[in-house]
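Engineer: Go by the hints and put chains B, C and D onto chain A.
Number of protein chains: 4
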Amino acid sequence: MAGSARDPQQAGREHLGARAGAPGRPGAAGAGARYTARLLIGCADRPGIVAAVSGFLYEQGANIVSSHQYSSDPTGGRFFLRTEFVLDGLAAPGTERARFERHFRERVAERFGMEWEVRYRGQRRRLAILVSRHDHCLMDLLWRWRRGELDGDVVSVISNHRDLEGEVRGAGVPFHHVPVPRGAKEGAEARMLELLGAERGVELVVLARYMQILSGAFLERVRVPVINIHHSFLPAFAGAQPYARAHERGVKLIGATAHYVTEELDAGPIIEQGVERVDHSQSPSELERVGRDIERVVLARAIALHLDDRVIVDGRRTIVF
Amino acid sequence: MAGSARDPQQAGREHLGARAGAPGRPGAAGAGARYTARLLIGCADRPGIVAAVSGFLYEQGANIVSSHQYSSDPTGGRFFLRTEFVLDGLAAPGTERARFERHFRERVAERFGMEWEVRYRGQRRRLAILVSRHDHCLMDLLWRWRRGELDGDVVSVISNHRDLEGEVRGAGVPFHHVPVPRGAKEGAEARMLELLGAERGVELVVLARYMQILSGAFLERVRVPVINIHHSFLPAFAGAQPYARAHERGVKLIGATAHYVTEELDAGPIIEQGVERVDHSQSPSELERVGRDIERVVLARAIALHLDDRVIVDGRRTIVF
Amino acid sequence: MAGSARDPQQAGREHLGARAGAPGRPGAAGAGARYTARLLIGCADRPGIVAAVSGFLYEQGANIVSSHQYSSDPTGGRFFLRTEFVLDGLAAPGTERARFERHFRERVAERFGMEWEVRYRGQRRRLAILVSRHDHCLMDLLWRWRRGELDGDVVSVISNHRDLEGEVRGAGVPFHHVPVPRGAKEGAEARMLELLGAERGVELVVLARYMQILSGAFLERVRVPVINIHHSFLPAFAGAQPYARAHERGVKLIGATAHYVTEELDAGPIIEQGVERVDHSQSPSELERVGRDIERVVLARAIALHLDDRVIVDGRRTIVF
Amino acid sequence: MAGSARDPQQAGREHLGARAGAPGRPGAAGAGARYTARLLIGCADRPGIVAAVSGFLYEQGANIVSSHQYSSDPTGGRFFLRTEFVLDGLAAPGTERARFERHFRERVAERFGMEWEVRYRGQRRRLAILVSRHDHCLMDLLWRWRRGELDGDVVSVISNHRDLEGEVRGAGVPFHHVPVPRGAKEGAEARMLELLGAERGVELVVLARYMQILSGAFLERVRVPVINIHHSFLPAFAGAQPYARAHERGVKLIGATAHYVTEELDAGPIIEQGVERVDHSQSPSELERVGRDIERVVLARAIALHLDDRVIVDGRRTIVF
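Protein sequence lines, in the order shown, are assigned to chains A, B, C and D.
Mapping to the numbering used here: the first sequence position 292 is 292, numbers consecutive.
With the second sequence counted from 1, adding 321 to any position gets you the numbering used here.
With the third sequence counted from 1, adding 642 to any position gets you the numbering used here.
With the fourth sequence counted from 1, adding 963 to any position gets you the numbering used here.
So that you can see chain A by itself, here it is in the shape it has in the complex (with noise of 0.2 Å):
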C-alpha cells in the first residue's frame, strides 16, 4: 500500500503535475502566469537598458509576462531588472537556449556590463537543509516541498544531532548526522562540504534552526546561498535566552527574520520578517511558542522568494521584486 507518506517523492511529484501553474510563492506576487525563461539581470544604471533588453526580447519573438525593475539611484545606482516571458522555441533544453543566450550577451549584455542570468522554467534547485533539534521550520519545509508549494526540491537533511532522523526518513529525504564536538569544527564542516557539494550538487543551504555558527571559511567555499532564521524583538535582544529577557522587559511584538548569511552574525541581507502581538500573561515557552509559529512561515516565505528569483541582493539589502 503506496499512500503519500511512504513515497513522498512521488506524492511531490504528483501534486507538481496537478499544478498546471506555476511554483509561485505564499504571500508575494504573480507566478500565476505560465512563462518558458526568466531573466535577471543587474547593472550600473543609464539610459537605454530597458529599451535595449525589451527591444532584444521582442525581435527574439518573447512574450513578456512580467517584468520588475528597480534603480537604486537613476544616477550613478543600480539597476535590477526581472522579466518573465514565453517563447516557445526555448521550452525544451537545447542549441536554441545556447543560441539565445549568446545572442543576449553579444547584443546586449556586455554593452551595458551586466550581470545576468536565464533560468528555464522547469529547472528546479536542490536544497539542503541543516537543522539541529527544533523540528518546526524542517517540518514546515517538507510538508510544503511534498505538496509542491516550492519550487525547488529538498535533496539532504543534515544535522548535528539524531533526533530528527526519523522524520526525515519518514519524508524520504537522505538524512546526515554531522556532528559538531567541541574544538573540531573544521573537521564537521569539511564534512558538510563534501555532502552538499560533490555529493549533491546543493543550490541553497537553509539553516533550519541550525544552532552552530558556520565558520566564515565554511561561508566562502560553500559558494551557494545560505538562508537563516532567527528570532526578532522591538528591541532587540542580543544573547542568550532571547525569549526569557523579552518576557522580562515585557515586549508586546514577537518576530522573526530571514536573511542571508555572511560573516556578519545574523546581520546579512534581511529577505522577510514577521511580528505577533504577545502579552504579559505570556511566559517565555509561550513566547518560544508564537515564535515558532512566526518562524517558520518566515522562513517558508523567504525560501519561496529565492527559488522564484524574487530577491536580489545590493549589498548590505536585498531588492525583492
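Some hints here could point you the wrong way.
[To be verified] Across the chosen pairs, the derived CB separations fall in these ranges:
#1 736/C - 72/A: 30 to 38 Å
#2 245/A - 1204/D: 22 to 30 Å
#3 445/B - 1156/D: 43 to 51 Å
#4 441/B - 161/A: 31 to 39 Å
#5 94/A - 795/C: 41 to 49 Å
#6 248/A - 1175/D: 23 to 31 Å
#7 1024/D - 541/B: 39 to 47 Å
[Unchecked claim] Under 10 Å between C-beta atoms, here's a sample of chain C residues computed to sit facing chain B:
#8 698
#9 701
#10 703
#11 705
#12 744
#13 861
#14 863
#15 864
#16 865
#17 866
#18 895
#19 905
#20 914
Hints in this document: simulated from the structure, not taken from any laboratory.
No residue lacks a Cβ here, since even glycine has one placed at the ideal position from N, Cα and C.
Structural biologist: Relative to the frame of chain A, chains B, C and D by itself:
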C-alpha cells in the same frame, strides 16, 4: 528502530514529560504556571459572586494562580469566571475531588444558580478530526499534537475520502473512511456518530476542511462542541469559488475564521480570526495558498483556546479569556 | 502674528518647498526620487509594447526612474504600465510638452490602441471633501495636506451639516453647507455639482464619512473619481449599526475599506484595506473608536495612492502599483 | 463666532457631555460600562487576597463591573489587581470616600501590606506634552483630547522650539517656549519643573517627539510618570539617522515603542508597540512617514491605557490589563 516518526504517540508523551509546565497555547494568555484545577462558572450577574467563590477557595486552602472574569452587563447581564488554582489535596483523582465539588455546589453554586465545571489538570480531552482532501489543517494539528502543544489527544480521524489515510496512519492515529454518497448523508452521519460516541468517547470534533455540510440532526446528536475553519474576506463573498471571486474584486486582505458550528451555516460563535495582506498580482491559487497558511494557524489557536477552557459561549458570541 | 495655524495654506506651501523630493505616499512604494513626468498606459496586451515605449523614451533622451507593469493575462488580457522618467526639456510647461505628447501619440499610442496620459511633476490635483458629522477622516486629511503629504490640494469641503465648519475654515479651506432635506436630494446634488465643477475644477471627490447616498445621476455627471471609506468586518454585516452587530457576534477583527464609488453601493473597486484586533471586552462604541483609527489611515493611503497615479481600475478591481 | 475651532476647551466639554459612557481607550478592553471608582492593588502574592478584597467590596455594597488580576508567580511573586465597581455612596466627593478608604486600609490593605489607590470616576488627570518640531504626535493627541477620547486634560505644552506655538494656542492650550541652549540644560529643566509642578499640577508628562534627553535629576524631581515614543525596527538600529540605516539594511517591518522613561535611555518599561510593513522601494523619508503614522497611534494608545490605569509597572516591565 523506534524513531519518533514510527511511534508518534510515544514521541508525544516524551514531549509532554519534558514540559514541566502546562498545556499552554499559541498566541494567548498565561498557562505557564502550574495549577491543580480550573473552575469555570457562568451565572446571572449580581453582587457577591466573586466574594463567595474566592472565599470558598480560600477556606479550602486553594491558592489562585490566575483568574479572569467578565460580565456582559453588571445589571441584568451574565457573569463568567475562569480561575485556576493550586490545591494539593485535589492533585490525584479520588474522594477529595468529589467532596470539593459537593461543597462548592452546596455552598456557592446553588445559591447563585450557577452553571459550573471543575476540570483537573491532566484530564486531557479526546479530539476527532473530520477532513476531506485538503491536508494543511490536519497535518498542522497532528504535528502540534505530537509535539505536545495541545492539551488533548487526537483519537480519530474521519474522512469522506481516502487521500489522507497514509498521513494519518503514519502519525499513529486511527483513520476511518466514511464516504458520503449523494442521497446517503443520513447513513454516513449515523456511522460517524457511532465512531465519535460509543467507540471513542470524543469530546471535541474539529472540522479541518471537511467539505460536507453536517445536518442539524447530526449537530443535535453529537452533543460535543464542533469547531470549523473557513476562509473570510473583507468584504465577504458567499457562494462557490470564493478565492476566484476575491481575486476578481481585487481584495487586499484575505483571512480565516474559526467558529463553533451551529445549524446556521458559518455563522456560529467566532473563536479566532486572522488575515494577511495580498495584492493584485496574486492568482486565485496563490490566494488559496496564503489562505491555507492563515487557516491552519487560526484553527490551531482556536482549538488550543478551547482545550484550555478559555472560550466561553455567550449566546451568538464568545468570550475569550 | 502669522503662526501656521493662522495661515495654513502658507504653511502648506512652506512644507512643500521644504520637501526637495516627491509627493510620496504613506505605506507604499518609491516616490522618493526626482522625476519630470509620469506616463500611464492601458491597452490590449500583445508583444512589443514595452519595447516600443522604452525605445521611444530612450530616443527622446528620457531616463527612466521607476516603472511598473502588469498584464491581466499575456494572451488576450489587458496591459498596464506606469513609468516615471526624467527629461529636462519637459520640466517647464510649454511647446516641448505638446511636441512630446504628439510624438508619443503618433509613434506609439495609436499603433497599440492605447489609453494613455502624461502627468507632469507639480501638476497638483484639486480635491473636494464631502463630510457629514464625523470629523476623524476630515481632520486627518487636512493635517496631511497642510504638512505636504498629499500631492494635491484640498480646495473645498462640502457638508450636509454645519458641525465642522469651524474646523474647516480654521484650516483655510472654503466650507460649503449643502443640506439634504428629505425629498430634496436632487437639488442638493445639483448644488454640489456646481460647487465641484465650474466653481472649483475639482479632480477628485473624497467621501470622508459622508452619510448620504449619492445618486447614480450624480455619479454620472460628476465625471471625476469619487473615493469612499467604510467599515469592514470578518464576516461582513450589512445594514444599520454594524459595530453593534459586530459586538453581538464577537468578531475578533474589525477593519475598513477604501474604494472607488460606483452605483453599486459599497461594491466599487477596492483601493486599500486595513484591520485591527479587538476582543469581547470592547463595547460597540469602543469598536467604533478603533474603527475610526483604521478608517482615517486607510482613506489617507487610498488618496495618496490615487494622487500618485498608482491605482489603475481594471473592471471591478484595482491594480495598485 | 464660537466655532469649535475657536474654543476647543468648550468643544472638549461638549464632547464629554455627549458621551454618556466612559473615557475608554482605543484598541483595548472594557471601558464602556459605568463605574464609580477603580481600586488598584499591588502586593506580595499569597492566598486570600481576592477573598479579602471582594468580601470587603461586597460588604460595602459595591457591585463589581470589571476585574483583572495577575500574579508574576503564585509562590513568592507579586500580585496585581485592577477592579472597577459601582457604589452609589461614593459617586460624589465627600466624607463617604474618606470613610471607604479608611476602612479598606484598616481591614484589608494593612493586613496584606498592599500598595493601593482608589481613583474615582471623573477625576481627570492633568497632562503636559513636551515636543520639539515634529507635530504628528502632538496634533493627534490634541485632536483626541478635544473629541473626548482621553480620560485626562492637556493643560500645557512645552517646547524647545517655537514652531508649533500656533497650533497649540489654536487648540486653546497654554504653550511655553523653553529653549535648551548648549550647556544650559540644567536651567531649562528647572524652568520645566516649575511649569509642570507648582504652576500646573501636572500628573503625566508625555514626550511627543521631544528631542532632548532629560537628565536623571529631572526624572527624579518630576515625580510623575513620563511616557516617551520612539521608532523601533527589527533588528534594532542604535544611533543617529535610524531610518536611513533601516533603509540601507532593507528592513521589511518598521515600528514604534511607547515606554515609561527611566534613566536608561529608551529602555524603560514598554507600554505599547506597533509595526507596519515596508519594502525596498521606499526611501528613508517615506519610511519616516510610515513611522509617523505608527508613532502617533502607539503613543495615543499608551496614554489612553495609562489614563485608564491599565498599565502596572512591575520592575522593568509592564502588566497591561
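Engineer: Each of the hints needs a verdict: does it hold here or not?
Structural biologist: The hints, checked one at a time:
Residue 736/C and residue 72/A have their C-beta atoms about 32 Å apart, which keeps the hinted 30 to 38 Å range intact. For residue 245/A paired with residue 1204/D, a C-beta distance near 27 Å keeps the hint of 22 to 30 Å intact. Against the hinted window of 43 to 51 Å, the Cβ-Cβ separation of residue 445/B and residue 1156/D comes to about 59 Å, which falls outside the hint. Range check, residue 441/B to residue 161/A: Cβ separation about 36 Å, and the 31 to 39 Å hint holds.
Checked against the given bound of 41 to 49 Å, the beta carbons of residue 94/A and residue 795/C, roughly 60 Å apart, lie outside it. Remark: the range hint 23 to 31 Å for residue 248/A to residue 1175/D is upheld by a beta-carbon distance near 29 Å. Range check, residue 1024/D to residue 541/B: about 44 Å between beta-carbon atoms, so the 39 to 47 Å window is met. At about 26 Å, the closest approach between the beta carbon of residue 698/C and any beta carbon in chain B exceeds 10 Å, and the interface hint on this residue is violated.
A least Cβ separation of about 30 Å between residue 701/C and chain B goes past the 10 Å threshold, and the interface hint is therefore violated. At about 31 Å, the closest approach between the beta carbon of residue 703/C and any beta carbon in chain B exceeds 10 Å, and the interface hint on this residue is violated. With a cut of 10 Å, the hint placing residue 705/C at the interface with chain B is violated, because the nearest CB-to-CB distance is about 26 Å. With a least beta-carbon distance of about 32 Å to chain B, the hint placing residue 744/C at the interface is violated under the 10 Å criterion.
The restraint placing residue 861/C at the interface with chain B is violated, with a minimum CB-CB distance near 19 Å, outside the 10 Å limit. The beta carbon of residue 863/C comes no nearer than 26 Å to any beta carbon in chain B, farther than 10 Å, and the hint placing it at the interface is violated. This hint is violated: residue 864/C has a C-beta 23 Å from the nearest C-beta of chain B, more than the 10 Å allowed. A distance limit of 10 Å between C-beta atoms decides the matter here; for residue 865/C the minimum to chain B is near 23 Å, and the interface restraint is violated.
For residue 866/C, the interface hint is violated, the least distance from its beta-carbon to any beta-carbon of chain B being 21 Å, above 10 Å. For the restraint placing residue 895/C at the interface with chain B, the shortest Cβ-Cβ distance is roughly 5 Å, inside the 10 Å limit, so the hint holds. Interface restraint check: residue 905/C against chain B, minimum CB-CB distance 16 Å, threshold 10 Å, status violated. Because the beta carbon of residue 914/C sits about 6 Å from the nearest beta carbon in chain B, less than 10 Å, this interface hint is met.
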